[in-house]
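Chains as they are written, first to last, in our numbering: chain G, 4 to 117; chain B, 10 to 123.
The hints are simulated quantities; they were obtained by calculation from the structure and are not laboratory data. There's no promise every hint is true.
What the hints assert, rightly or not - Looking from chain G toward chain B, a few residues come up when the C-beta cut is under 8 Å (computed):
{"no.": "1", "residue": "Tyr34"}
{"no.": "2", "residue": "Lys45"}
{"no.": "3", "residue": "Phe48"}
{"no.": "4", "residue": "Ser51"}
{"no.": "5", "residue": "Tyr53"}
{"no.": "6", "residue": "Phe94"}
{"no.": "7", "residue": "Arg98"}
{"no.": "8", "residue": "Glu105"}
{"no.": "9", "residue": "Gln106"}
{"no.": "10", "residue": "Phe108"}
{"no.": "11", "residue": "Gly109"}
{"no.": "12", "residue": "Pro110"}
Claimed, not checked - Taking CB as the label site, the calculated pair distances span:
{"no.": "13", "chain 1": "B", "residue 1": "Thr29", "chain 2": "G", "residue 2": "Gln20", "range": "44 to 52 Å"}
{"no.": "14", "chain 1": "B", "residue 1": "Pro27", "chain 2": "G", "residue 2": "Gln44", "range": "23 to 31 Å"}
{"no.": "15", "chain 1": "B", "residue 1": "Glu24", "chain 2": "G", "residue 2": "Ser84", "range": "45 to 53 Å"}
{"no.": "16", "chain 1": "B", "residue 1": "Ser93", "chain 2": "G", "residue 2": "Gln44", "range": "24 to 32 Å"}
{"no.": "17", "chain 1": "G", "residue 1": "Gly100", "chain 2": "B", "residue 2": "Ser69", "range": "18 to 26 Å"}
{"no.": "18", "chain 1": "B", "residue 1": "Pro16", "chain 2": "G", "residue 2": "Glu6", "range": "28 to 36 Å"}
{"no.": "19", "chain 1": "B", "residue 1": "Gln80", "chain 2": "G", "residue 2": "Thr79", "range": "38 to 46 Å"}
{"no.": "20", "chain 1": "G", "residue 1": "Gly100", "chain 2": "B", "residue 2": "Ala10", "range": "20 to 28 Å"}
{"no.": "21", "chain 1": "G", "residue 1": "Glu21", "chain 2": "B", "residue 2": "Ser69", "range": "37 to 45 Å"}
{"no.": "22", "chain 1": "B", "residue 1": "Gly71", "chain 2": "G", "residue 2": "Glu62", "range": "33 to 41 Å"}
{"no.": "23", "chain 1": "B", "residue 1": "Ser93", "chain 2": "G", "residue 2": "Glu4", "range": "14 to 22 Å"}
{"no.": "24", "chain 1": "B", "residue 1": "Gly25", "chain 2": "G", "residue 2": "Gln20", "range": "44 to 52 Å"}
{"no.": "25", "chain 1": "B", "residue 1": "Leu65", "chain 2": "G", "residue 2": "Thr115", "range": "40 to 48 Å"}
Even glycine gets a Cβ: it sits at the ideal position worked out from N, Cα and C.
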Amino acid sequence: EPEVTQTPSHQVTQMGQEVILRCVPISNHLYFYWYRQILGQKVEFLVSFYNNEISEKSEIFDDQFSVERPDGSNFTLKIRSTKLEDSAMYFCASRPGLGLNEQFFGPGTRLTVL
Amino acid sequence: AQSVAQPEDQVNVAEGNPLTVKCTYSVSGNPYLFWYVQYPNRGLQFLLKYITGDNLVKGSYGFEAEFNKSQTSFHLKKPSALVSDSALYFCAVRDNTNAGKSTFGDGTTLTVKP
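Okay, chain B solo, but in the shape it has when bound (with noise of 0.2 Å):
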């Protein structure tokens, strides 16, 4: 069975300041990682994705996500926070079945302080 594990429930950074949302996985067979944003009362956004590739991957509004195999880990960054990127974070991992179901990550919730 796939899972997902955020550690940190709650991530503080101060604007402009590098940020970093952990993330690890448990999948067999090769991992298909996405990131989603959720702004308080809104809907999942896609981030970005690792399905194969650079180990580096970039997504939307200047975020990036680091894939490591060997630590099975899929961390989301961003050079320069913004306020604006407060919200709630979720790693998910999908199943390599036609059905290709999403396990999502307890959610990380990101405060960037002005």
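Only chain G is shown next, with the shape it has when bound in the complex (with noise of 0.2 Å):
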């Protein structure tokens, strides 16, 4: 069955730092988000992005943060100048095309910013 896959798991970085995290999403997927979960906290979106562009971004989705589908396959998002509260989970997902269905999540980056 296909899966959402990222990588790294785990990703441990010095505050400041850029760091990107990488997303494969099903490959005849159309949309795809970015959403993180703090540690002991609910899952927040963070952007969607559809046809090579952002269709949605939340208000924690700031100057810090970019995506981008640099290829036909992955999709990856940016954090430029990592800071401590940036630590969490992030979860990429992605869905088909038109119609009201569910994402599909990966398994998720453990991002911990020291």
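From these two lone chains plus the hints, build me the complex, please.
And the structure:
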């Protein structure tokens, strides 16, 4: 069964450093998402991406964040200058085209900012 | 703005007993509702969804959920709980735009004791 994959599973970085979290969505999906989950808290929406552009973003997704689909398979989240409060689990999700279908989530990347 | 409430942080049941995990929602327009389960150090797994049609929705692993429009609820149920059902459960509502971001509840930890 196809699934969303994410790398790395755990990323440790120093405050102020740039990180790139990588996701490979399911191959025929058209909508892509990033969510984050701070330890012990709810899952929060960051950004949605469709047709090579951001379709919606939350107030969390400030100028420090960017997303890209550099080729036909990868979907990346970049944090330019990490802060301690960026420490969280980051989930990528994708879903098929138009229609009221569910999102398929990856296993997540745990980001630890020291 | 859409929102989801899961009024119970924790639900404890004995193996073999029925379980209910509660969820209420607030949304303008038609609700598109989902349940996801998260096992420790894992991603979010889709359980079931309500889009339209029958109010009783059946999903994975023997779970079902009952949509109640008048009470704006979408409670997750299972007739006979298993120890392996112990996990964190999230209710989510999707907006009806093409971007289709999900808004999650705070989550409910289900513990099934042998």
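Here is how each hint holds up against the structure:
1. Tyr34: For tyrosine 34 of chain G, the interface hint holds, since the closest Cβ of chain B sits about 6 Å away, which is under 8 Å.
2. Lys45: 5 Å, holds
3. Phe48: At 5 Å from the nearest chain B Cβ, phenylalanine 48 of chain G passes the 8 Å test, so the hint holds.
4. Ser51: 4 Å, holds
5. Tyr53: 7 Å, holds
6. Phe94: Check passed: Cβ of phenylalanine 94 of chain G comes within 6 Å of chain B, closer than 8 Å.
7. Arg98: 7 Å, holds
8. Glu105: 5 Å, holds
9. Gln106: Glutamine 106 of chain G check passes; min Cβ-Cβ to chain B is 6 Å, inside 8 Å.
10. Phe108: 4 Å, holds
11. Gly109: This hint holds: glycine 109 of chain G lies near chain B, its Cβ roughly 6 Å from the closest one there, short of 8 Å.
12. Pro110: The hint holds - proline 110 of chain G has a Cβ within 8 Å of chain B, the shortest such distance being about 4 Å.
13. B:Thr29 - G:Gln20: 44 to 52 Å: 45 Å, holds
14. B:Pro27 - G:Gln44: 23 to 31 Å: 29 Å, holds
15. B:Glu24 - G:Ser84: 45 to 53 Å: 49 Å, holds
16. B:Ser93 - G:Gln44: 24 to 32 Å: Taking Cβ atoms as reference, serine 93 of chain B and glutamine 44 of chain G lie about 25 Å apart, which means the hint holds.
17. G:Gly100 - B:Ser69: 18 to 26 Å: Since the Cβ atoms of glycine 100 of chain G and serine 69 of chain B sit about 23 Å apart, the hinted range of 18 to 26 Å holds.
18. B:Pro16 - G:Glu6: 28 to 36 Å: Given about 32 Å between the Cβ atoms, the range holds.
19. B:Gln80 - G:Thr79: 38 to 46 Å: Distance hint for glutamine 80 of chain B, threonine 79 of chain G holds at roughly 42 Å.
20. G:Gly100 - B:Ala10: 20 to 28 Å: Cβ of glycine 100 of chain G to Cβ of alanine 10 of chain B: about 26 Å, so the range 20 to 28 Å holds.
21. G:Glu21 - B:Ser69: 37 to 45 Å: Given about 38 Å between the Cβ atoms, the range holds.
22. B:Gly71 - G:Glu62: 33 to 41 Å: 39 Å, holds
23. B:Ser93 - G:Glu4: 14 to 22 Å: With Cβ atoms ~20 Å apart, the hint holds.
24. B:Gly25 - G:Gln20: 44 to 52 Å: 51 Å, holds
25. B:Leu65 - G:Thr115: 40 to 48 Å: The hinted range 40 to 48 Å holds for leucine 65 of chain B and threonine 115 of chain G, with Cβ atoms some 42 Å apart.
Checked against the numbered hints listed earlier, the structure breaks none of them; every hint is satisfied.
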